[in-house]
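Undergrad: Chain residues, written in single-letter form:
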Amino acid sequence: MMGYNSGYGGYSNNNNNNNNAGAYSNTNAINSSNFASPSQAMGYGGGFVAGSQGGSGSPGAAQREFRDQSLVPVSIKALLRARPEGGVDGPVMLDGKELNLVKLMGRISQSTVTSQFLKYLVSDGVSSVECTKFIDSSGDANVSTLAEGTYVKVFGTAKFVSKTNTIQVNNFFAYPVASMDEVTFHNLECVYVHLQLTRGPASLNPAMSADQANAFNSSAYAAGSNVYNSAHGTGGNMGGAQNAYAHMPRVEGAIMSLIDQQSSGLYVEMIQSTLRGLASAKDIDIAIQALESEGHIYDGGEGYKKS
Amino acid sequence: MRIASQSLQQNMNRTVVIVGRVVSYTGATAVIETCDGGSVTVLLVPGSNVDGEGVIVEVMGVVRSDLSIQEQVSSKFDDPNYDTNAYSRLLEIAEKYPDLL
Numbered sequence: 001m002m003g004y005n006s007g008y009g010g011y012s013n014n015n016n017n018n019n020n021a022g023a024y025s026n027t028n029a030i031n032s033s034n035f036a037s038p039s040q041a042m043g044y045g046g047g048f049v050a051g052s053q054g055g056s057g058s059p060g061a062a063q064r065e066f067r068d069q070s071l072v073p074v075s076i077k078a079l080l081r082a083r084p085e086g087g088v089d090g091p092v093m094l095d096g097k098e099l100n101l102v103k104l105m106g107r108i109s110q111s112t113v114t115s116q117f118l119k120y121l122v123s124d125g126v127s128s129v130e131c132t133k134f135i136d137s138s139g140d141a142n143v144s145t146l147a148e149g150t151y152v153k154v155f156g157t158a159k160f161v162s163k164t165n166t167i168q169v170n171n172f173f174a175y176p177v178a179s180m181d182e183v184t185f186h187n188l189e190c191v192y193v194h195l196q197l198t199r200g201p202a203s204l205n206p207a208m209s210a211d212q213a214n215a216f217n218s219s220a221y222a223a224g225s226n227v228y229n230s231a232h233g234t235g236g237n238m239g240g241a242q243n244a245y246a247h248m249p250r251v252e253g254a255i256m257s258l259i260d261q262q263s264s265g266l267y268v269e270m271i272q273s274t275l276r277g278l279a280s281a282k283d284i285d286i287a288i289q290a291l292e293s294e295g296h297i298y299d300g301g302e303g304y305k306k307s
Numbered sequence: 308m309r310i311a312s313q314s315l316q317q318n319m320n321r322t323v324v325i326v327g328r329v330v331s332y333t334g335a336t337a338v339i340e341t342c343d344g345g346s347v348t349v350l351l352v353p354g355s356n357v358d359g360e361g362v363i364v365e366v367m368g369v370v371r372s373d374l375s376i377q378e379q380v381s382s383k384f385d386d387p388n389y390d391t392n393a394y395s396r397l398l399e400i401a402e403k404y405p406d407l408l
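Residue numbers (this note's numbering), protein chains in the order written: chain X, 1 to 307; chain S, 308 to 408.
Note that these hints are calculated values from the structure, not bench results. Worth double-checking, as some hints may not be accurate.
List time: in silico BS3-like cross-link candidates among lysine-lysine, alpha-carbon distance up to 30 Å [to be verified]:
| hint | chain 1 | residue 1 | chain 2 | residue 2 |
| --- | --- | --- | --- | --- |
| 1 | S | Lys403 | X | Lys103 |
| 2 | S | Lys403 | X | Lys153 |
| 3 | S | Lys383 | X | Lys103 |
| 4 | S | Lys403 | X | Lys77 |
| 5 | X | Lys153 | S | Lys383 |
| 6 | S | Lys383 | X | Lys77 |
| 7 | X | Lys282 | S | Lys403 |
| 8 | X | Lys159 | S | Lys403 |
| 9 | S | Lys403 | X | Lys305 |
| 10 | X | Lys153 | X | Lys77 |
Here chain S is said to cover these stretches of chain X; the calculated rule only asks that three of the stretch's residues, wherever they fall, bring their Cβ under 8 Å from a Cβ of chain S [unchecked claim]:
| hint | stretch |
| --- | --- |
| 11 | 75-82 |
| 12 | 160-166 |
| 13 | 176-187 |
We put the CB at the ideal spot given by N, CA and C, even for glycine.
Extracted from the complex, chain X is given alone in its bound form:
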């Protein structure tokens, strides 16, 4: 695994869990070997090879092959907030993690069936998402339509539709939910994954160094992908800064890096809009307060500065 990484330049986008991804990838002694997702196991960079560093344009074709295919459980409310990174064709991001396959749960509030496609409007509480699936005209025996009002679990691909500025779920599979316990579990899992993505894996042993803790706690959900960093075209600097804040939860580390670059101070709104793909505005508020109370940053009247 380590041999492959040495071919790529300093912007190698390792999908591993320590936050050193921006740094030169040869510091791989710490790479955890128990990767859960196939893309991590390959150990390839994410495709941001040396040639594409400056422009932060859409990822090269190479990256699409190594897209993170892990299944992410999401609440519909949170899913609707996801947005593509780096232009409308970029990968859809939520909490700093690229979304492909998602799992969601809700009630079918509307169902449209034609000979060509099947469309369910799935709602959980007040949020609804449209799920569409094209039906093979030869009569696919696996497609059975479910009645409106059925509570279902849906697995599908999250896609951003620029025309309507919304998220849609395509090519889905829906199964009726038999037990309320599945709903309880799904909701809890959504919160758990959200927390893990925004705050880092739960550390079991505080005495472990950050790198050891990251290696120990590798998980399919840990957002190792640094699409965010590379997309902002500050790969080199970010790499160095990320190292310094690797011990902090992901969102706080990202905020510290941002503030580092702007010595004259950064307003909350700037931080929120810059980190939009990484965390919601509320999460950023919470992280800023935590940083302030620990004394890492202070409000200089013209935005937050490093202490």
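Chain X is already provided as a structure; the job is to place chain S on it using the hints.
TA: Same frame as chain X, now just chain S:
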């Protein structure tokens, strides 16, 4: 917003989601027992999915001033049991993350 019977008071006139077992059903109304042991009266809409006793249902509706719920839509679940402790914990967590759930 998912709640249990104890939060009905502070959610008056709001749309909430309530889960429980149907303990009594009259066609136009039903009483459901929620995870915290409380009872909630639900005014059903015609064609409601709530159609019998002993079933676990999830009801979305508006809380009225008398703390009953006017149903908007509901779903029933085949499994007659669910883990009330786990659901109670979910409610506590859901309250802390209104952005998510």
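Undergrad: Next, verify each hint and record whether it holds.
TA: Structure-based check of each hint:
Taken as a hint, the Lys403/S and Lys103/X pair is honoured in the structure, with Cα atoms around 22 Å apart against an allowance of 30 Å. Straight-line distance between C-alpha atoms of Lys403/S and Lys153/X comes to about 24 Å, which keeps the hinted pair within the 30 Å bound. Between the alpha carbons of Lys383/S and Lys103/X the distance comes to roughly 21 Å, so the proposed pair stays at or under 30 Å and holds. Proximity of Lys403/S to Lys77/X is assessed by CA-CA distance (about 15 Å); at most 30 Å being required, the pair is judged to hold.
For a cut-off of 30 Å, the pair hint linking Lys153/X to Lys383/S stands: about 14 Å separates their Cα positions. Our distance criterion of 30 Å between C-alpha atoms is met by Lys383/S and Lys77/X, whose separation comes to about 22 Å. As the CA atoms of Lys282/X and Lys403/S are separated by approximately 12 Å, the hinted pair is consistent with the 30 Å bound. Between the alpha carbons of Lys159/X and Lys403/S the distance comes to roughly 28 Å, so the proposed pair stays at or under 30 Å and holds.
Proximity of Lys403/S to Lys305/X is assessed by CA-CA distance (about 29 Å); at most 30 Å being required, the pair is judged to hold. The hinted pair formed by Lys153/X and Lys77/X meets the criterion: a straight-line CA distance of about 15 Å does not exceed 30 Å. Using a Cβ-Cβ cut-off of 8 Å, 3 residues of the stretch 75-82 of chain X lie near chain S, which meets the minimum of three, so the contact claim holds. Figure legend: the stretch 160-166 of chain X, annotated as covered by chain S; annotation inconsistent (0 residues with Cβ-Cβ distances under 8 Å, at least 3 required).
As drawn, the stretch 176-187 of chain X meets chain S at 9 residues by the rule of a beta-carbon pair under 8 Å; at three or more, the given contact holds.
When the structure is compared with the earlier hints, a violation turns up for hint 12 alone.
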